[in-house]
Each structure stands twice: as C-alpha cells, then as structure tokens.
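**Student:** Taking the hints as your guide, dock the two standalone chains into a single complex.
Sequence order for the protein chains is R and V.
Sequential numbering from 1 applies to the first sequence in my numbering.
Sequential numbering from 1 applies to the second sequence in my numbering.
Simulated from the structure, these hints should not be mistaken for laboratory data.
Given the structure is predicted, the values throughout are model-derived calculations rather than measurements.
Glycine residues also receive a C-beta, built at the ideal position from the N, C-alpha and C atoms.
Hints are supplied without guarantee of correctness; some may be wrong.
[Unchecked claim] Here's a subset of chain V near chain R, in silico, CB distances under 7 Å, partners left out:
#: 1; residue: Gln-11
#: 2; residue: Arg-12
#: 3; residue: Ser-28
#: 4; residue: Leu-37
#: 5; residue: Val-43
[As the list claims (entries may be wrong)] Take a look, some chain V residues computed to stay more than 10 Å from chain R by CB distance:
#: 6; residue: Pro-13
#: 7; residue: Asp-23
#: 8; residue: Arg-27
#: 9; residue: Trp-47
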Amino acid sequence: MLIALLIPRLPLQAALAARPGPPPSEPMAVGPDPLGAPRVDAPSAAAAAMGVRAGMPLSEALALCPGLALVPPDPAGARRLGERLLVGVEGLGLPVEPLGADRALLDAAPGLRLHGGPARLVARLQGLLPDAGLRIGAAPARFAALAAARNARRRPRILAAAELLAALAPLPVRLLHEDGGLDPDVCRALELVGIDRLGGLATLPRLSVRDRFGAEGLRGWRMSRGEDGGAIAPRRAETAVRATLAPPHPVATDQALERALAVLVADALADPARGLREPRLVRLEADLITGESWLCEAPLREPTADARRLVLALLPKARRLPAPAERLAVVLGRLAPGGRQLSLLPTGGEERDDRIGDAERQVRAAVGPTALLRIVGAETGSRLPERRYGLRPR
Amino acid sequence: MKARLRGLPGQRPRRCAVAAGPDGRPRSVDGRAVAALREEWRVEEGWWGEPVRRRYFEVVLEPGRVAVVFEDRRRPGEWWRHGR
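Chain V with its partners taken away, still in its complex shape (with noise of 0.2 Å):
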C-alpha cells in the first residue's frame, strides 16, 4: 500500500469571511465581531520554492472562543482561517 501522508483536516486552512479595518487587523470573523486581539505574527517563507507569505492573528471572537486567522499576503483580501 502507497503510504501517502494527509494533512489534518482539523488543522488544514479554510477560507472564511474577515472584515478588517484599516490597519489590516481583523474586526469581524465569520459574522462574529472580535472582541479581543491576542497576537499578532507573520509567516514568511518558502521563497525557494512554494512561498508562503501570511499575515497571522490569534483573535478572541464575541462568545469568548479563540481563533486563529490569516491574511494569504501574496493576494491581499483573501483571509484564511485554521481549526474550527
């Protein structure tokens, strides 16, 4: 058997719907408005062969549950969201 690795599908990205504000942080995530900004990082790698430029917020949303988001910086506006 060809022993083929998948990723998580808990962990793979998935589009989602952010407003962001003017300063490119996020306001609202999936209709749920961000109550809290926790951390904020960037991912920038790859540049030999995939790049990978990502714009990482860890955000508390309205009912308290925390998400971790980002902005795919090579097409700015496309935001991308891990977990559920």
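Just chain R, with the same shape it has in the complex (with noise of 0.2 Å):
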C-alpha cells in the first residue's frame, strides 16, 4: 500500500508562517515573485471560490478578486517545510519518495507492524505537521495514492483495491499530467475526443489506446486503472553540509555579496561532516529585509571542493539577489567523492579536450542537437562564397 502526503498550499503556508497576513477567511495568494513573472500563486479556498487559479496573471486574478491580499513568496520557508515533512517520515523508519515541494510518497508496507497498524501509521504521519492540514491518501498504485491525496480533506482517504476503477472513474482527465506527469499534449488529446474523466479512459481496449495516442497514453490507461505500480524510488539520505553567515549590515553590494559568498563558501568546505567528499550542487539561501526569503542555486558539473569554482557558479545566480539580504547561508549538496584525479604523466590538452566534450554534451542537452553545428567543405570551389561551406549538426 502507498500512501500520498500532500501539504495543501504549501507556497501560501510558508509565507503565512514567514508574516501574519490577513485572516484565514480572507481571499489571498502568493505573489508576485520578484524575478518572475506577475502571477499568483497557491490561492487561498476564498480566493478559489472567486475563480483565482495558481500561475494566473496578477492583472486578471485582481479582476476577478479585487480585494485579493497579496502575500510575499518564501520559496526558502516553503522549502524548509516540505523538508520537514520529508526527514519526518524517514524518522518513522519508512522509505519516501518526494515528487516536488509539496508532495511525497511512501510506501507502508515496511512500517505498519512497526507502528502498529495502518490507523497508528495515518495518525503519526498526521502529526508530523500538525498544523499543516496534510492530506492524506492511501492506494495500491501511484496515481490513483496521488489522487486520493487530493480528495481527501481532515480524514486520510484509503482507497482498497476492488474499489480503485470506481474512485478514479469521475476525476477528470487533467489529473493525469498534473499528478501522473502525462504529456499534457495526450490529456489535451483525449479531451478533444470527448474522453474528459479517467473512466471514460479506463474502460477503452488497451490495444486501442496504444494505437491511437502511443506509449505515453498506454501509461495514461494504465494510471486510470490503478494499473501504475506500487513501488517507489525512494530518495536517498540528503547529504550536504550548511554554513549561515549574519552580517552586521544588510549585503547590499555585490563586492559584500562576492565576499559574503567565499566567507561562506570556505566555511561550509571546512565542515568536517563533509570529510572528503565534494558538493555537485551549490545553493544560496538569503532572508532579505523585506522580510521574504530568497534563493538560487547551481548545480556542478562535476564534484568540486575548489572554492573559487564554487563561488563562481554561484555568483552569476546571486546577483539578482531581489533586496538587501540580512541573513545568507550556503549550502553544498549532493556530496559525493571527488570525480577528477590527477594524472601521473603529463598529458598534452587531454584535459582541455575532456572540458570542452563535456561542455559540447550539455550545450546539446540544454539546447537541443543542433544546437552545436560543425563547418564542413560543401563546393570549396566555388565561385559563389555561400556554397563553399555550411554548417551541419555534429
């Protein structure tokens, strides 16, 4: 049995916690955030009811709810809370799968004699965050833990197997790519056939579906069955080391910023728990003096304990710092051993030529295949300069 944690609004929760805002009952949302763009985020059930959806603009949102109050993001709180929830249900002694900020999954199996029982389980998972208004759901396959999740409000919502076909049947088609992660072009797909609920889908031949929408709407089918599997990847112990530094005066300058950074940097390498491994990932966490948090982070591409590279591929990212920070603190993740040794002979740019295909193959990630193009003779003699030469993919 899996069982979906879903902490509802989390965006507006951390905020609310960072701040008193207005009442419960008022109609709110999250934003705008300062680097993006001016929409709104995690709607509050008044705001809902007036029609305000997360990602809406800020323009129509405030057209639709003119007295919607508007809330400073926290993405760092928001972050630091789906946190919590994550290492308290490690500390339950039970493997946990998180699928963004605000959700995660378990899998049950290994602790229900250790706690005595699902009702025991459902109750210390409740209390992890008591004030959090977990919703719980519990399912033999993913998708259909993931949707009682959502369906569920004070009380956790078990469905059993017998009755899976009968509890997805209403929800709509949608859900798919918003929980299961299905290609929004399939649900869209589906729509436009008039398949609007998972029941529509579920009741459709397997054969059918792969013919028509391929793989990824086979999955679909699969999902809106309760077919989708009851195990999960569970993460792994989160292994990084922290260091937090409280200047006196706010950081507002980028040269208090740069060396803020290498202080903090330095620091955090000096950790001990670190021993000898070295951060693939880099982050800045900053409360600024607005009273929002704020942060940014850069992944590696290799492992590195070279601070000067650190503090480079942070720096980038640090400067659109939206205000004066009060308090910074730099965390260095996904600790692992060193990658890059040194050779005993000298080698004549073999180095260089390991930089730059290691360059070539994230360019081509991030970018696409063609994003790198090789010169190539086409008619070099050619009386027409433009024929002579073209560029094709690599």
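**Tutor:** What follows is the structure, given as structure tokens:
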C-alpha cells in the first residue's frame, strides 16, 4: 500500500508562517515573484472560490477578486516545510519519494507492523505537520494514492484495490498530467475526442489506446485503472553541509555579496561533516530585509571542492538577489567522492578536450542536438562564396 | 538525426543599398562612399538548373574596409553584399 502526502497550498502556508497575514478566511494568494512573471500562486480557498487559480496573471486575478490580498513568497520557507515532512517520514523508518515540493509518496508496507497498523501509522503521519492540514491518501497504486490525497480533507482517504476503478472514474483527465506527469498533449488529445473523465479512458481497450495515443497514452490508461505500479523510488539521504552568516549590515552590494559568498563557501568546505567528499550542488539561501526569503542554486558539472569555482558558479545567480539580505546561508549539497584525479604523466590537452567534450554534451542536452554545428566544406571550389562551406550538426 | 547542410551565416549574401554610377559600378555601399574599386568579375552559371548571373565588385569603402558586393543581373538594380 502506498501513502501519498500532500501539503495543501504549501507556498501560501510558508509565506504566512514567515509573516502574519490577513485572517485565513480572506481571499489571498502568494505573489508576485520579485524576479519572475507577475503571477499569483497558491490561492486560498476564498480566492479559489472567486475563480483565482495558481499561475494566473496578477491582473486577471485582481480583476476576478478585487479584494485579493497578496502575500510575498517565501521559497526558502516552503522548502524547509517540505523538507521537514520528508525528514519526519524518514524518521518513522519509512522510505519516501519526494514528488515536487508539496507532495511525497511513501511505501507503508515496511512500517505497518512497526507502527501497529495503518490507523496508528496515519495518525503519526498526521502528527508530523500538525498545523499544515496534511492531506493523506492511500491506495495500492501511485496515481490512485495521489488522487486520493488530493481529494482527502481532514480524514485520510484510503482506496482498496477493489474500489480503485470506481473512485478514479469521475476524476478529470487533466489530473493525469498534474499528478501523474503525463504529457499534457495526450491529455488535451483525450479531451478533444470527448474523453474528459478517467472512467472514459479506463474502459477503452488497451490496444486501441496504444494505437491511437502511443506509449504515453498507454501509461495514462494504466494510471486511470490504478495499474501503474505500487513501487516507489525512495530518495537517498540528503548529504549536505551548510554555513550561515548574519553580517552586521545587510548585504546590498555586489562586492559585499562576493566577499560573503567567499567566506560562506570556505566555511562550508571546512565543515568536518564533509570529509573528503565534494559537492555537486551549491545553493544560496537569503533572508531579505523585506521579510521574504530567496534562494538560488547552481548544479555543478562535476564534484569540486575548489572554493573559487564554487563561488564563480554561484555568483551570477546570486547577483539577482532582489533586496539586501540580513542573513545568508550557503548549502553544499549532493556530496560525492571527488571525480577528477590527477594524472601521473603530463598529457597534451587531454583535460581541455575532456572539458570541451563535457561542455558540448551539456549544451546539446540543454539546447538541443542542433545547438552545435560543424563547419564542413561543401563546394569549396565554387565561385559563389555562400556555397563553399556549410554547417551541419556534429 | 537528419544532417542538413546550412550555409555559414557570414557567407550568405544579404541585401545592401548601393548607389551605382552610369557605368554600373558602385559609388557608395550602405551609405559609405567607395574609395577604390579593387576588382570586378562576373559569375554566370547554373543555366541548367538555377541560373546565377552576378556582377561582382570588390571595393574599398571610406574608412578603409573591404567589401564584396554584387548586382543580381537577373534583377538589375538589386544589390547584395557578402560578409558583414
């Protein structure tokens, strides 16, 4: 049996925890992100009742709900709240798979006897975040568990294998994308042919679905029938070291930021908990003087403990700090054994070629196979210059 | 992956504004006066498929920059330039 945990309106809860906002009955939403598009997120129940949806442009949200109160986002707080849930579940001895910031899936089987049965286990899960209104759903399959959690309120919703089809049938097809990660084009295609409920999809013959919608359609069909598997991919224990700094004056200039980062990275690298491992991710968390929090992170191509490279990787993103920061923290995450070894004999340009190869692979993965082109001779003797050379994908 | 050949961006000719004299030779290119005419040649080929008829000039423009321009003889008055 899988159990899905969902923290409803996580961004709003985190933002309200950081600073007192209007009473919960008021229509409110998180936003706008100081660096992003002017959109609202995580509308409260009152705002949702007036038509405000997550991701809606701010102007549209205010037109629908003129009294909408906006709460500044607190992404670091949201991350902490989500992490508290995951650490809590792991503390109960259960493997957990995080699915985004606000939801997680866990396998209850190893913990049922340990915790004295499903009722006690659910009670302990509810006690992990007592004020967050955690929604809990349980089912033998992944998508069904997530759908159950979405529809759960105060009491957990538990679906037995026999009632999966009936419970999933009335749900809209778009949930296959929102909860199951199905290609949105497939969901749209299903809706276009009149299949807007999971029941309509589940009753179609398997081969017809595969022929018409391909492998992705088949995956959706399995989800709609609660046959998408009961296994999870539990996360590995987070390996990270952290250093914090609360300077006497808020960090407001590029120069101060650079110096603070250098200090923080050096502190984090000196943490004995790191040992000989090297980070593959560096993250900056900042508490701004405006009361909001802000974070940015830079994944690294290879593990490195070179302080200069870590600062260089983080600095371009850190410079987008939207306001002076009262407190800064640097987290070195995904610690791994150092990958690059020194060679005994000097080699001519091998390291450079390796790095160029790495960069090439990354550019191609990020931008697409035609991002890098090779110059090749086409009609090198042509009297028309534009025909002499050409570009082709490598 | 389908390997399709594309011309180099710097080599593809682009339209330019040329003021030509009565002899058909350029006097100014993109607003810059022609200081010297270094060479002139013609390209006529492709009659079996896509015909190409060009009258090329290599000129030195006023600040000292060399430019290669041509007039498309199939559409007289239409000038093109190679490179930047």
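**Student:** It remains to establish, for every hint, whether it holds in the given structure.
**Tutor:** Now the hints, each set against the structure:
{"no.": "1", "hint": "Gln-11", "result": "holds (5 Å)"}
{"no.": "2", "hint": "Arg-12", "result": "holds (5 Å)"}
{"no.": "3", "hint": "Ser-28", "result": "violated (22 Å)"}
{"no.": "4", "hint": "Leu-37", "result": "violated (19 Å)"}
{"no.": "5", "hint": "Val-43", "result": "holds (5 Å)"}
{"no.": "6", "hint": "Pro-13", "result": "violated (6 Å)"}
{"no.": "7", "hint": "Asp-23", "result": "holds (23 Å)"}
{"no.": "8", "hint": "Arg-27", "result": "holds (23 Å)"}
{"no.": "9", "hint": "Trp-47", "result": "holds (14 Å)"}
The structure fails hints 3, 4, 6 (numbered hints given earlier, in ascending order).
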